[in-house]
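Since the structure of chain A is provided, determine the placement of chain B on it from the hints.
If you're matching them up, the sequences are chains A and B in order.
Counting from 1, position 564 in the first sequence corresponds to residue 564 in our numbering; the numbering is continuous, with no gaps.
Start counting at 1 in the second sequence, then tack on 1000, and there's your number in our numbering.
No wet-lab data here; the hints were simulated from the structure.
Any given hint might turn out to be false.
[Stated by the list, open to error] Examples of chain B residues toward chain A, derived with CB under 7 Å:
no.	residue
1	A1132
2	R1157
3	L1159
4	G1487
Note that CB positions come from ideal geometry on N, CA and C, so glycine has one too.
There are 2 protein chains.
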Amino acid sequence: MAEFVVTFHPNAVSSRVAEGTTIHEAAAAAGLPLRAPCGGQGRCGKCAVQAGVGVDSATAVETRLFGEEELAAGWRLACQARVIGDAEINVPSASLLIEHRIQIEGVAREVLVEPAVTKIPLRLPRPSRDDASADLNRVMQALGGGVRPPRAIATLRQLPGLLRASNYEVTAVVSDGVLASLEAGDTTEACYGAAVDIGTTTVVVYLCHLPSGEVVGVSSGLNPQARYGEDVISRLQMAISEQKGLTKLSGAVRKLIDDLIGQAASDAGVARESIYEVVVVGNTTMCHLFLEVSPIGLAAVPFAPSFSSAQTVGAEELGLRIDREGRVYVVPNIGGFVGADTVGVIISSELEDSRGLRVAVDIGTNGEIVVAENGELYACSTAAGPAFEGARISQGMRAAAGAIDEVTIDHDVFCHVLGDVPAVGLCGSGLVDAIAEMVKVGLIDETGRLRKPEETGSLPEKVRQRLVQNDKSLEFVLAGAEESGAGKVAVSARDVRELQLAKGAIYAGIGLLLDKLGRKVADIEKLLLAGAFGNYIRRESAVRIGLVPALPAERIESIGNAAGAGARLALCSVALRRKAEEVARRTRHVELSEEEGFYSRFADAMALRPMADTAVD
Amino acid sequence: MAEFVVTFHPNAVSSRVAEGTTIHEAAAAAGLPLRAPCGGQGRCGKCAVQAGVGVDSATAVETRLFGEEELAAGWRLACQARVIGDAEINVPSASLLIEHRIQIEGVAREVLVEPAVTKIPLRLPRPSRDDASADLNRVMQALGGGVRPPRAIATLRQLPGLLRASNYEVTAVVSDGVLASLEAGDTTEACYGAAVDIGTTTVVVYLCHLPSGEVVGVSSGLNPQARYGEDVISRLQMAISEQKGLTKLSGAVRKLIDDLIGQAASDAGVARESIYEVVVVGNTTMCHLFLEVSPIGLAAVPFAPSFSSAQTVGAEELGLRIDREGRVYVVPNIGGFVGADTVGVIISSELEDSRGLRVAVDIGTNGEIVVAENGELYACSTAAGPAFEGARISQGMRAAAGAIDEVTIDHDVFCHVLGDVPAVGLCGSGLVDAIAEMVKVGLIDETGRLRKPEETGSLPEKVRQRLVQNDKSLEFVLAGAEESGAGKVAVSARDVRELQLAKGAIYAGIGLLLDKLGRKVADIEKLLLAGAFGNYIRRESAVRIGLVPALPAERIESIGNAAGAGARLALCSVALRRKAEEVARRTRHVELSEEEGFYSRFADAMALRPMADTAVD
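This is chain A alone, in the form it adopts within the complex (with noise of 0.2 Å):
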């Protein structure tokens, strides 16, 4: 059989193909891919290019499709149009298939975009004495083999009249692969996802544009849950025992995200019908609250949760108003306390992949561990996290405006305070430095114990001054009243004792996870410090009381958000979904508690120093 070369214009690419070869494999083959969402069928017009000689006469779909002038100058498709001779083509941009790839900021990985909302614009042939097959065979056909009927009677109630009202030409709305919806004209571009971390304290909606992966608008608002409860096991409490308190709990979260994505939507100029996925992740008992699931398995030994697989549902099922067919898919949880937030930070960090020995830690208001080496994963968690969000510490408080979130100690002590205010708290990363400074100048010493006045005579007098004796206990002040130009600031013994708490269970559980690889602290290839937290710390003073590995500065990284990193990645890409399923089921869940010489590991992992290896070394 004869070939030709065909040549496409502005690039100038080609290939040599055999006759009857079509444009778009032409195309494929000089390695520039075109559109053909129909299937190249025919039926969506969206490889039309520009040919002049050496390709065969327009076919009964085009002259339908195009108009005369349109034809006469050329205008084909590229899934019609076939070689007869060497060939000029032009390709307008719109015609080509871009692959768009997106960087999650903070995170190494690269992912193809594939969301699992796609649509696709259909022309379709009317009904005729021919072809007298119903609607829905005709919607069904132009898709493809690949598409399954829609499973909601409103989409078929919808069929005749949006047909008929916009002339056949229509979009379909297409989830996991079942036909969601159809809209009338050509609606390929207004198509967004949302993807939402939900923290203990803090709620956070990345709004999303699926055909490129792009981030449109970001909200973001405290967890109203926490009005009933700070931490995770006084919601669990009130879900399991209080009358109508799952509900309570379940509908004041739902509201928020609601909210959210109404007002990320609203500043992007984007229209809540034109979001059709959501995907959620949180630790595993936000995921019992947000799907309304009694939680009840995970107020006792062996906190056995009621699902940890992936859960799909109806946006409206859950109060949610994005589009009418619109989903909810909720990443899988690995087990009873740690949950779909951690999956997420496996996913964006590449864990699941990742040959050397790396270690992510995630502290919110619990903290998370994940050991991985080899595709080796191990996780547990730890109730470490309130600490550094400001709950049991005296004078705690989120890194909000007022907050001393830095401190340096010498010949006096210097705080630095978030906002343009005066300093009325501490959050986590000033509680670090704080105490990090605190035992850098003396003021505590290893074991945690603040030292008394009248030990402290070697230090400057405006240090000294700051060690006050009150009724309960022996603190430390960091801001005076005169100095803050508000209330006292301090530190006391007993925040002191709570930092240790937290800190001692963060790294005795990185000890045992390691025991599991057989592996130890100096192993560590890659530090990874995840969360809004693993940002705002200074390193020194982390490593200094020990909070964080001694390691070399280049192996610690902070990856940000890297809970809802992964959930953009579950929303932006099928394949990581899967691959969140099955992490989810891979990863090994270790119970801190239930491991034998976890708490000898602990009360050592409490102590004040750099720790280069786990304590019990």
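Chain B in isolation, oriented as in the chain A frame:
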């Protein structure tokens, strides 16, 4: 490897099997299949047998399941116990797997009962330190790999409370391979479904016990849509043009179906919550109206329906109060005017597999015709029916009390009236009978003309007197006011014409479909008359006027409500449901009015005489 003989009592059947074979396998080898709803995982306890020597010792699963006394008495699970020597096994009848085959009355087909909804009893292991997996995983694992997790969030929400309240002994309701819901304890026997035949005039509900396939209750009522229009066309018009017309028509029939289900269930002592599936047949318009899908395309050429494939919808969405997760399966349609009811006729009379030439005629409010030979299927519909259900006949009525259903004419006219009441009208079989008798005695000629009194001199006086010329037209009085005890009942010249139109359409339809196969009336191996009409009509009368072909009596068979039988088959057998879907795709739909030669054939077929072959021969 050693082989041993295992003998099963009380049947005393035996098999020779290799050492280590399970008793379950050995029983199957002996032709005595045992139950295994849990898939042989030792979870359900349904395959309990009593073993003496020759089997290994009880496994952990069994010691957990049986009490000490039971174990001492030799109770074992057939799926766990393995052969280690010649063995004697007692099999209680409860452990035998019974394959239910049902015979639908009036239908040749025997079917293996294999409903889409099955119930599987489960005894689940409790969560423990060794197994803290999620509640849902626990259930899915017990169900084995073939069942997919629940789609309904309500099922997940119910799970944690149910497991704990029911001592981890539950019954899974599996619907089309998906875990639909869970119930406390063992509820396997309380498992029902409803088959619904939506006729344009009458709606019938059959309540079936799914595990056995038996019908436990029947209820029926008049289609309340009739108040908006007697025939399909007027309801189509109302659905399309009247504001809320579709909603009214749909609501009316769905309300009736819900009432009929309730009535059948209450008569049979079955709780509505124990009904898990409803299977629906009806003509294409009835299916559209039932699902509240606009039939707009059916109102004009080319009569494209909105859907023709099978549809599955939540029962709740359609207002049918059965199990909360219950579903409605609507059998697929063939084309615009050949619907799911015709698919029901085909599968219940095994037309799709017929080798010889078979013709089925289903006369309800419409008349549908199917011809089949060697797997080839053609179908058409005619608007012939109403005449036989009383519409457009001056004194027509349904076959109810007061209807004349049989007529004989010799020296006088003798009428049989349904019920112990005076005659008030004429039902379909009475009309056919009356006209056939009038043809026989010469009151009507072959062209359908009612003779004038002066032309009937040779007839008995008592018969002649009944020919009355009133101001409108000529009529023949079957029952005068004095005879009937009520009003006069007569056949008018116009009624004769209506009957001719109806029977002409049917006969022409049969002829045209036979043409497609290159066959003639004389080739028909079996003519099947479906519908109530087929049961009640006097054969000789139908043959005399050429309503049905003049075939030897043994080739004509009445098959009753074959559409309803088809619905029951699709309810009780997934294999036949799949077959129905295949039949709907495969059957070629012939639009009579588009066929060349239809009208001349129709005109010829209007003659009132026995017809040995199609009119154009």
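Structure-based check of each hint:
The criterion of a C-beta within 7 Å of any C-beta in chain A is met by A1132 of chain B, whose closest approach is roughly 4 Å, and the hint holds. For R1157 of chain B, the interface hint holds, since its Cβ comes within 7 Å of a Cβ in chain A; the closest pair sits about 5 Å apart. Because the smallest distance between the Cβ of L1159 of chain B and any Cβ of chain A comes to about 6 Å, under 7 Å, the interface hint for this residue holds. A hinted interface residue such as G1487 of chain B counts as satisfied when its beta carbon comes closer than 7 Å to some beta carbon of chain A; here the least separation is about 45 Å, so the hint is violated.
Checked against the numbered hints given earlier, this structure breaks only hint 4.
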